[in-house]
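K.L.:
Residue numbers (this note's numbering), protein chains in the order written: chain C, 1 to 660; chain A, 661 to 808.
Some hints here could point you the wrong way.
If the Cβ cut is set under 8 Å, some of the chain A residues that face chain C in the computed set are [to be verified]: (1) Arg667; (2) Thr669; (3) Ile677; (4) Thr711; (5) Asp753; (6) Leu767.
Just so you know, these hints were derived from the structure itself, not from any lab.
All of these numbers come straight from a predicted model, not from anything done at the bench.
For glycine and all other residues, C-beta sits at the position ideal for the given N, C-alpha and C.
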Amino acid sequence: MIVEIGHYALTLALALALVQAIVPLWGTLRGDEGLASVGQSCALGQFAAIALAFGALAQAHLASDFSVLNVAENSHSAAPAIYKFSGVWGNHEGSMLLWVLILAFFGALVAGLGRGLPLILRANVLAVQGFISAAFLAFILLTSNPFARLSPAPFEGRDLNPVLQDLGLAIHPPLLYLGYVGFSIVFSFAAAALIEGRIDAAWARFVRPFALVAWCFLTLGIAMGSYWAYYTLGWGGFWFWDPVENASLMPWLAGTAFVHSVAVMEKRDALKVWTIFLAILAFSFSLLGTFLVRSGVLTSVHAFASDPSRGVFILAILALFIGGALALFAWRAPMLKRGGLFAPISREGALVLNNLLLTTTCAGVLIGTLYPLALEQLTGEKITVGAPFFNMTCGVLLLILCLVVPFGQSLAWKRGDLLGVAQRLSLAAAVGLCLAVALFAMLRGGPVLAPIAAGLAVYIILGSLSEIAARVWRRGAPIGVLLSRALGLPLSAWGSALAHIGVGVTLLGLAATAFGAETIASMHVGEAQSVGPYQVVLSSIAARPGPNYSEVVATADIRWGGAVVTTVEPAKRFFAARQMSTTQAGIATLWFGQLYISIGDQTGNGIIAARLYWKPLVTFIWLGACLMALGGALSLADRRLRIGAPAPARTASPPVAAAR
Amino acid sequence: MTRKGRRLTLIGVALAIVAFAAGLALYALSDSIVFFYGPSEVLQKNIAPGTRLRIGGLVKAGSLVKSEEQKAAFTITDNANNVAVTYQGLLPDLFREGQGVIAEGVLEAPGRFRADSVLAKHDERYMPREVVDALKKQGRWQEGESKP
Chain C
1 MIVEIGHYAL TLALALALVQ AIVPLWGTLR GDEGLASVGQ SCALGQFAAI ALAFGALAQA
61 HLASDFSVLN VAENSHSAAP AIYKFSGVWG NHEGSMLLWV LILAFFGALV AGLGRGLPLI
121 LRANVLAVQG FISAAFLAFI LLTSNPFARL SPAPFEGRDL NPVLQDLGLA IHPPLLYLGY
181 VGFSIVFSFA AAALIEGRID AAWARFVRPF ALVAWCFLTL GIAMGSYWAY YTLGWGGFWF
241 WDPVENASLM PWLAGTAFVH SVAVMEKRDA LKVWTIFLAI LAFSFSLLGT FLVRSGVLTS
301 VHAFASDPSR GVFILAILAL FIGGALALFA WRAPMLKRGG LFAPISREGA LVLNNLLLTT
361 TCAGVLIGTL YPLALEQLTG EKITVGAPFF NMTCGVLLLI LCLVVPFGQS LAWKRGDLLG
421 VAQRLSLAAA VGLCLAVALF AMLRGGPVLA PIAAGLAVYI ILGSLSEIAA RVWRRGAPIG
481 VLLSRALGLP LSAWGSALAH IGVGVTLLGL AATAFGAETI ASMHVGEAQS VGPYQVVLSS
541 IAARPGPNYS EVVATADIRW GGAVVTTVEP AKRFFAARQM STTQAGIATL WFGQLYISIG
601 DQTGNGIIAA RLYWKPLVTF IWLGACLMAL GGALSLADRR LRIGAPAPAR TASPPVAAAR
Chain A
661 MTRKGRRLTL IGVALAIVAF AAGLALYALS DSIVFFYGPS EVLQKNIAPG TRLRIGGLVK
721 AGSLVKSEEQ KAAFTITDNA NNVAVTYQGL LPDLFREGQG VIAEGVLEAP GRFRADSVLA
781 KHDERYMPRE VVDALKKQGR WQEGESKP
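So here's chain A without its partners, still in its complex pose (with noise of 0.2 Å):
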């Protein structure tokens, strides 16, 4: 085989994987990526039941009522609307009322929604970005009230 015959070979073969990687990422983005929105984006946007999401928001004060067989419910809200949470299993050590969380699961109904994970920050000075950016779009949020 020629020098430019080889080439040839080395450069289609190269385009063949590369045109087939960029076909499984497209695929793969059109199907597995989740939205991330804050209570009050759930309720405006209509999201139809089923959608998988992830919420974020603080959890409210007084809302955690854990029951048997390692069930929690809880309200994640913004200050201005609620989504109810459910979710089976043991939760995070820096899981707090008043603190920031993120909730990833499915929504049940508008407002009722049952996660399968939920994440605490590691570090009391620390809120997760997605939070601290959905409550300033509410206008809850004050400067310096705590250090994101």
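With the rest of the complex left out, here is chain C (with noise of 0.2 Å):
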């Protein structure tokens, strides 16, 4: 009966998300206040049923109802609740459901606390959101309806995929997709002030914090998913250029112009036109990436089990969002009046450096990942794009941008002084390339990314830190004085510095990795093993039973000089449900790098074959995203920053912006 709920409920959604499309944009059109508000109770409406019917579903999961398919397909009653819970958006229709969820919990958010938004601009958005909403909740019930019934009903369930029985499952993808659908707001906001035809700094102020909310939820849900595949894959790789990281990569990068480019907007009213496309191109990488990975054009570690009528779905959906959005843009961005001027060296003019360098990273990546696919179309050749051609293009890309960055936060608006801001950077310069310098001799003949990206994040670090002390620093003010004017800088600058910080640490992390140890050993109980400065000794192998799977333990102590620093346990563990194992590393937090170590199989008594890894400075490379989205979330809780605030107060901050 639940089931049956959720299912109405969803039709009902299906339903309001019609009338939240069509209905505002009329209202707007022939000027009626009443039909244009109507979309804020659709919208609140439409989240309420797609909760509910998000709810049912899980509730059939929690419950281990066999009669529904989906939950006999992805479930088993011996599941801990967790798993239960986390399997509801582990299969293709359920994590349509959370897709869907979001997206309306999106709008919901700009009905709820968009009071401060112009009328017109208000309904407009919802409209185009409840536009994306129909047609998702359309794909869900026409192609992957999560409710479907089984009968008879099997005793026991298939099991979830032992690989997602994991807690990366229930946090991964509901970070990723809040920051891939939070973009749909950002893309709405864009559609809606084409549709008026009238775009201002205003519009800027309205979506920003949007546009940082979905960034960092989806740095986040980036990071989270790179750590889910490093600790649960077995190798200790953390990225690997897969089609669909690639997929969520690209409106990261976009998402990244983005969000500084409305900046821009907001604060210089330049940059018009192109940060209107900038949302647009964000959400169509998302659409993109939902059409990979659920399409089955591509073979990937994340692509679900495909059906070719939701991949011609999809790539309709793709379509008309996308060829909507774009031939709106060019009917009506002529129309938008021009803004502000700057001159090339200035902040304004650094942050269009940005823009450039992260579109054509964006461009290098789709590139890479659509090639092999449109070559096998056309000559029928198989290829793969792997690391090397990413490193070559993006990797460059990436760390050109690099160089620019401390340039972009410390020139001023308007007209900037390029040699004084040399001259301030040039400390920090200097001790990035010294690094890159000793780590080159020292790596000699080795790979030179290396040296370079370590010399460069710690240039940003430095650069960064030296951005907020010159703002800060007086000479001959007291320590009481420095401090409040530290306190009373804006958020935004500590959140903009802590988030390049965030990109100096991410880089030096993935540096650190050209320093790292590799063995593979037969490793016999009771025989050290050394792997970078620590040995791994190898104490027992023991069986041991799971809820719902069995495992074989390795108890490896790690020492450092004959002390025994810490104990680690890789495990195999064996699902009887599904006949699959999974890897379990070991993993040791040393510092700031981890010892990894993955098991194989028993290849006699007490011997077992091992991988171990030394991977210094590793763990920067999530620290620096976590760094990134605090630095988003900074600047988003600035005052000037909250959504429908009138306009800036002046009077909070102390003497700061005169000592600009």
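Take the two lone chains and join them into the complex the hints point to.
P.N.:
Okay, structure coming up:
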């Protein structure tokens, strides 16, 4: 019964989405305020209905109702409750439901919080959001119904894919979807601005918080996915340039560009048309990602079991929204008023350069992802475009971008003093250069990119710090004054500095991979094996039962010069329901590096095959991403950026503005 | 600087970056792509030893030999032709005889391949699409045999 209510609620949500898509638009065209504001109640109602549907499916999973096909195929009565719950979105149908739930959530956010928005803008935003919702709800109901029943119901489910029985599944998709789908709001704002034919700095102020929220979540989602892959796949890789990873990287790159260009638009009323274009681009890449994952055109670790009809449907949605938005853009964009002027050497200029590099990188990722597909269609040749291609193109472009980052932060708006900024950054640059040269000498003949990346990382971190220092420091001022000056800096200044430090930290982690160590060995109980600066001693191999699996656990002590530092327990799990096994890596975090051990088969009594890695500073890769997201969140907390804040408050900020 | 001058600067910089990126991409594409073949294609195409390739097919039943130092030798087959593969390292969890597999590495001699990575997919219902295609090309694939 609950399942049928869920199905009904989903259908109701489709009806509400259609009303939300059409009525407000009609209202704004006719100038009827009553019709134009219908969208708000529709958006809230639609969110409630989808939440009900999601709740119904979750209930079916938690109660192990195997008469529902989706539950029978992806759940098991013996699974722990957390995996029963995260199993709701561990499959195509359920994850689509989560997708529209988040879509409706953002719609409801605009409806509920956007009181300060102009009536017409809000009506149009909700209308576009309604269109997107309606398309995806129709997709779910017509091709991927999660509430389909199964008769006769089996006694036991087929269990969730063991690889997905992990905390990562509970965290990674919701974060990623909050980011992916969050850009739908940005898209809706852009489309609404084009429909209305009006765009100004106020528009930028309204859309920036949404863009920042989406960007923060996407950053965290990608980082979480990367860490999950790192610890679960058993060979310590954290990024594979897999098409589906690329599909999440592209909206991130476009979104990062957008977050920067919208700042220019808010402050200086410039780059309007470009910002609108980026907004369309970011969500288009989100849609492209959805298509690549769910249509089965690509082979990938992420690919869901494919069904051609779904692929065609999503392709139609993709063509409709991207094509529609770009057509609207081509028609309306020339009518938008031109924005403010700026000299090439200025913060605006630097941000334009940032945008150019980010979008070009994005294009590089796109080419590397789609080229093999195109080639296969045209010639039948199958090729892979892997890490070497992406390092060569995107890696190089992003490193150039890193060179520009501290300049962008330090240059003044409108017209900047390049020489002055260069002087201020000279210390950071010198330290970075020295580090790069030293590492280069150490690695002689090794990878070239690693020392360069390490040097740039240090340069970005120091450059960002020096920007804050320059704004706070006054010669001869007592500590108390400096402290109050620091606290008086707008949160967005701290936010951008922190986010850029995060970029540096991630880059440092990536560079450090070149300094790791790796061994593959047959380990005997009691025998020591050295990896990097540590020794690993296998102390026992034992079998252990789990709730819905059985595992072989190797216990290993990690020693540093004779003393035991810590103990890890890499394991191999066997899941009877699917006749599958998974590798649980044993990971010890030592300072910021990690010792990573994964085991293979037992080759004899007391002998086990193992891979051992020493990965210095590897946690920096994900910590840096967390810092980026934290920086975004800080900017978001800035008073001037609150949704609907009428005007920036001048009174609250101490003499910083004057000092600039 | 006039509005026009500024715009020209901007367009100039944009073109320079795009041209640079295009150059990088073309260079990287000519240098770092890896072709995928089935065992029959490897033999037919007379590929020069030393070429980097990805080979996909089924692991021949009874062909897997594991030895000391984590060395493994097995045969990839499309039921018409075989390629002997050597690999040092841990084989993936889902590596089984009779199942689909993709190996990436260097062709040492015709029919002899040294792999540095071996992929088997995560789901038992799933066979790499490239392997399915390679088998279909040889007419060794029956629909319904296993869901791709």
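K.L.:
Now, for every hint given, state plainly whether the structure supports it.
P.N.:
Verification of the supplied hints:
no., hint, in the structure
1, Arg667, "violated, 10 Å"
2, Thr669, "holds, 5 Å"
3, Ile677, "holds, 5 Å"
4, Thr711, "violated, 13 Å"
5, Asp753, "holds, 5 Å"
6, Leu767, "violated, 15 Å"
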